[in-house]
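Listed in order, the protein sequences are those of chains W and F. Taken in order, the first sequence gives residues -14 to 98; the numbers are from this note's numbering. Taken in order, the second sequence gives residues 16 to 896; the numbers are from this note's numbering.
Take the hints with a grain of salt, since some may be wrong.
Unchecked claim - Label pairs and their calculated CB-CB ranges:
#, chain 1, residue 1, chain 2, residue 2, range
1, W, Arg49, F, Asp508, 49 to 59 Å
2, W, Arg58, F, Leu103, 39 to 49 Å
3, F, Arg26, W, Glu17, 23 to 33 Å
No lab work stands behind these hints, which were simulated from the structure alone. Here the structure is a predicted model, which is why all the values come from computation and not from measurement. For glycine and all other residues, C-beta sits at the position ideal for the given N, C-alpha and C.
So the chains spell out like this:
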Amino acid sequence: METALTPAMFQVLLALGDGEKHGYAILKEVEEQTDGDVRLSTGTLYAIIKRLLIEGAIQECRHRPPVEEDDQRRRYYRLTAGGRQVAIEEAERMERLIATAREKHFLKRLKPA
Amino acid sequence: METQKQTLSERFYRGLLRLFPFDFRGDFGPEMEQAFREQRAHVQAGKIGLFRLWWETIAGIFTTAPAEHLSMLRQDVRYALRMMRKNLSYTAVAVLTLALGIGANTAIVSVINAVLLKPLPYQQGDQLVMLHQRADKLGLANIPYSVPEIQDYRQQNSTLSDLVEYHSMQFMLLSKDDASRVRAGVVSDGFFGTFGVKPILGRDFTPADDRQGAPAVLLLSYEYWKKHERGDPGIVGKTFQMNDREHTVIGVLPPVPQYPNENDVYMPTSACPFRSNPKTIANRNNRMMSLFGRMKPGVSVEHCKSDLALISSRMVQQHPDAYPKEAGVNTAPVSLRQELTKGATPMLLVLLGAAGCVLLIACANVANLTLARMAGRERELVLRSALGAGKGRLLRQLFTESLILGLVAAVLGVLFASQTLKLLVDFTARLTPRAREIQVDGYMLLFALAAALLTSIVAGSVSALYSRQDLAAGLKDGNMHSTAGEHRVHARDILVICQVAFSFLLLVGAGLMLRSFSKLRNVDPGFVPQRVLAMTVDLNWSKYMNKPELARRIANQLLDKIQSQPGVLAAAISSSYPMDPDNLGGWNRTMLVEGHPQREGQKPPLSSMRSVSPDYFKALGIPLIAGRVFTESDDDKVPEVVLINRTAARHYWRDEDPIGRRVSFDQGKHWVKVVGVVGDVKEFGLDQPPGDETYLAQAQTRAIGSIVVRTSQDGLNIANQMRRAILEVDPQTAIPNVETLEHARNASMASPRVMTDLLGIFAALALAIAAFGIGGILALTVNQRLNEIGIRIALGAKPGDLLAMILRQGMTLVGIGLAIGLASAMGLTRLMKTLLFEVQPTDPITFAGVSVVLGAAALLACYIPARRALRIDPLRALRSE
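Pulled out of the complex, with its shape left as it was, chain F reads as follows (with noise of 0.2 Å):
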């Protein structure tokens, strides 16, 4: 009984000690056991001597065990902090690589986070919807809503508690200094309640401001106020003079992002010229505006969708003219937290991966570089280990090692990631309006110490891990220079392995990038951009409207007054220039081609229409395929004609020429006839296949939107000077935007280019990493053979064989290492479709070519060590042991 009680208080008393640490315990565990056993045993009789010597010998241990931690914790610090110094090449690399890999994942997943992961920045965002009307079996995807059918949806639906109307539209904002454009946003009463935001200066708009003709009123956006307005407090009740009318400030809206499109100012229904027109209002045909809605609580976008269908099904039957059965009319809602993202999603997380991968192979250097110095000290730990310095005070040391390490390199990475912020802000503006919510804060410091914590977990336990299994076979063998560390030898290698994959896949990726980007680059633009200035002109249009004469002669004293200017070798007034920023999508209208009727069920013909002077063609560059260009004649005294692109020509006429055939754009009333064929020009981007293209004559529909103008300078040189030349003509001008078309088609390839560079320093960065690696593995095991070398040389081995020796230990993990990563990149290039411009994911080319790369590298990476074997003096190298 006695015995048995004894052993059950020595069990606890053992249990106690294991709050110590592992070598405490190793080295006076049993001791201290024994002085408590005698402590028990002199105990003075009765219950309260015993209860006291528990309380006392309870306390003692909760009052020391922590204070031991804590010292040994400073002496792994310490320890730690001398390797890194002592190594400080292997912890340059370690930190750096961690660093790069941190940042860059840090960056981007700060991106994501608010881009893809947070809440809109909406009250209840999630109840958000915007509409789509779509034309299925005509390939429309999103076609503007009329006043008629707005009004249908808002009094028949039974899932929205909210349905507000918007479009976009320039105008002419003269105050008493200066005109200037403005994009406004012409919104239904209630809009911004829909979304929940509320003006930060003054009101928002009411029932009054959207009836027809209540006086003017305007709502500034934040950044209108804050760019032009200096942010004046006292901006509400400030008056505009816009299309001709006085428009009042009421207020100013806070900083949101703004979907569709980034306006300066927001107007009432009542207050656009276009919009508040009777015919406007009961054209059902007049489309142009987009539709949000909030959905009632508890309703799901399903059950709004199938609402909203039935809705416009009853609208197909009750107006059949409006929607033809072969259209295929319907309305379908989607997230707005889906619609705001759609465009910076596939980007975003191909990045991710990418950045995921480089953390990766910089985690796999780190565990390298740690069982490399491992290795190193191999003695030391064999020894130690078997004196019984505790497996745990190894694992400790090696974790303390891996932990500094991350946490040096979050800190890196966090400055890293806060510098590079900017550029992946700009580049995601580009995608989604999102991306003014991106900021560093509180996650992304969250995110990279969590990766750091990762990282070193990953690292420490891969070496910690190995350097368990093989102390005790070290010990065993006597020789640890070849043999001991087998199973390091494998980690290595996997490491290896794993490294050369991931870099293989990142290469692939950015060189799949690289290639659809210099494809991008080499498509014919069809016009020639160099020396091509393009402005767009904004005249107060108030006062030229229905007066042709008034508007015929201003462009003419235009391009008079631009063609006298020193420079310049030809200039055109066209409605808008290729790759237009403000034009993307174009002015679209139906086609009716003579001798071709429409077929019941086909899609009727859709031409992108623009307006031009004689000149454009000349300017631009755009070659005459046959007939002629417009003239001077070609004006309103005559029949209209029209200019066709080699598309439309093959398109409508096939082998037949079309010279002298006639097209219509309003169903047959009228017909103009087709005098001339023009090459194809790339009209919205690079990557956008020419489609159907008609030219009217400038002088025939009197529209002015841009004047291009070839110099026989670089174009940004005379920018002045025409922008002076116009503002003589006309003081009422704007002229918001002057741009080469080279920088225009620049501009176009932009987020193509960001994406290629930032994939590409990916990649590099793991080439680097990988390589490094490669090269650091073989080193080390030149010098772990280093006697064995010596002897292989001493019998005569000649320096080829001992070449081909190490360079074929370290190329066939190479191969390995290549052949995982060819088959993973395989299937997940596939994700990166969306993004490449006429270039398979698998393309063979690219494969190839990387193939080729990283196997040069890593061939160098191996060459290095390999030579430095055949340097070894056998005789020295046998005394080393």
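Chain W extracted, bound-state conformation (with noise of 0.2 Å):
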């Protein structure tokens, strides 16, 4: 990534991460990922959107879905290979982070399960 991944641009990254999205449908599920925490507009998602196109985490996908649940006026996204990888070390950084916060007593020591 040649730019900074910015925490909305991540949650942008997860809302993919099971699969395509037209552009309300991230929306939504950045909405219920975060419980309703970070609630994107359409004007920021679409600067992330195109950021991430250009970066290559993210691209358009061809196939649709069946007619009956289609709107022409959608797009779909889906991660790339390259996206994934980003968002993984994205999240592996962050649970190193956690990791260090919990030793440091920042936070409750997981009990073992």
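If you follow the hints, you should be able to join the two separate chains into one complex; please do so.
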């Protein structure tokens, strides 16, 4: 990635983690996966989509859902292999961060399963 | 109802999307609308949810749109820089020509701003006027004022709040260690207050200083104080010996433009031995002062004029002896600003016009280069436009490119302008005292920036306008090489025509100046200036005044001493010398010619006077035409005799012999005999026609003003030797000015020379840019018609025909440009009339010469790409398709 991955961009990548989605679906997914904490506007979302497209983290996908579920005005995006890698690296970085935070007692230790 | 509401909100959303860059909207607009539609459809019921959606949407657009614009700009700049690097030679030419254009304009606009536009650096400068006393019927425009006249105007006027007098004289200033000549401004009390000028050190003159018999005091000019007193802060109170009196410095003036003379020191009228003489004060005909006034608030120059005219008509009635009816004496005010800048205005405006032309040509060139480069990228542009890359995007790209070019050029231009400004200041200083106000300032930078923006917009929109129209055409046609861009071909043609026309204008301007200058240079000055040294010699005149025997002896001693120096061929004492910068205007007297009674209403003959010792004519190489020159025996013991010049001889005696005739300079009280006629001399400048000249014998006038010496070697080499010799005779002598007459002659041509040089540089620049433009266009055409030319060659077209075809295309444009340039030059060169000497503004030789030069340069510019066309390999040309 040429530019730094912002939290909102990461959320978009995560939203696409379980399959291709169109714009409104991404907005909904981000809202749901953050319990309504992060609400992206269309402007912000498409600025992010543009960035991610340029970086090659996502791509528009050609095959569309069955006609009865589709709307011609929508476009669908999916994660590329590179994009998934970026998201994984970001998640791992966060995991390490969390681990450090636990060691320093910022968070409670996880009980052994 | 519901659908209508939806359309309204959709329309509003679409409006908001306009805040995004064109391309972004093109890429994502419809999708965003769709997403928003879905958001709206699923929004929780209730006003709050809807409000929240709008709020978040608007805030999101307002934060992301500027960022998108910025990133696009960054991308455009990067792309533009890459394109510029890729076409380095094009870029260099565009930037350099633009920089020269912007630089030249910036420099000249700085000068014009300081000299013509800015208010005078005096308090309420627009209220200041200079009074001109004129004798309309005698053709005299600037007669000085006498003391009784000044008193009349001061007492009787109702429109001036102040009326102050001024004259300038040269005096010897003696300090402990040396003697120097200073130019002293003699002013009445309140002079500096009228201008709103306050001394930066010490105090101004007071009414007490101006009273008869008051102790003599001096104010120093800023420049004199800096240069001769090294800016000594303790200067107030220092004393100088001048005119056999002690003068005390009371203050130092700030740096302000001084007019009519740049004076070293100022003194009150009481300190000037001439002005304070009771005879001067009483004599209405003893005129030597200039008058400056400040108009009362709300008074116009017109109003002031009628006020003063009333006073002068009253004076003419009351003193018929002082103002003969046939003279038509009156007084009129001229605004000081106009007075200060009248000499510079025409030249500066012509230079501005020339610089403007260069900028326009450079601008056309940049537009042309951009167009040419776009043609090279035609395929890419057509494709991008077809794919919906957006015309807006392309326009943006073009403007970014030309803006970067413009800004780089502006930076270079300002550098160029600040480097050349000194040259321009020196030039302007010859024309107006306001030259000192010229400086590199914020206005200059602002102007350069504005010029850069303007050129970017002009160049950018010219190319954008045409690219926009024909991209679609190019796509429809398929064959981009030959027919795409009909419009653009026209645009480029028009640009080339403009370049040729403007270049023609500039070349004609420069050509006229050049012709005028060469005429001026070839004027016979009437003397042989080579190896003649002229020295201004200022004796401490108070020592010799009223002591004729002493004055005669010192003159003889000086001449003997100079003549005994090695290398001196001839030497003479004279009151002044030709083209003496301190004697412009000369010493004139009305002359009565015996046997030619002056008729009623006729202008009394005025003759310029000079007193010279016998060898003056030999030293200067002035030919004797009839009679004899002065001899040693023409001294104060015998009756006075005079010599006249050829013009005077023709003027008064036509075919008769003037030798032995008599003239009078005191209305017939004394008559003096003409003993010889000598050749005409251009006394006051090569462009001035010779007037009537009379020479008096130095031994009879005893005037000593300068010494002229003809030497066997280069004049200035023995200058120091001469200086020493003069000081040995009288160490209290100042020799402020030593120059060769050749230098004096060249100096008199300095302004036309600089003007010629500047216009010449501009014209050469224009010619080069235009030639480059024409050549570039043709090269491009050849490139675009590569396969057509290839086919023609393959089909057996003769090289001569091909050459002619391409040359015809180029030269047709040049011909149209020449015709337009010719027509506009016919009209515009009239504005240069005052700058030309013996050359008509529509001088056919100049016009023809310029046409030939420009035509030849254009032909050469066309020939180079044309020849390249002939060398095209038809096979390769066809394969390239």
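For each hint, the structure was consulted:
Taking the beta carbon of each, Arg49(W) and Asp508(F) are about 51 Å apart, inside 49 to 59 Å as hinted. The hinted window of 39 to 49 Å between Arg58(W) and Leu103(F) holds, with their beta carbons roughly 46 Å apart. Distance hint check for Arg26(F) and Glu17(W): the Cβ-Cβ separation is about 30 Å, which falls inside the suggested range of 23 to 33 Å.
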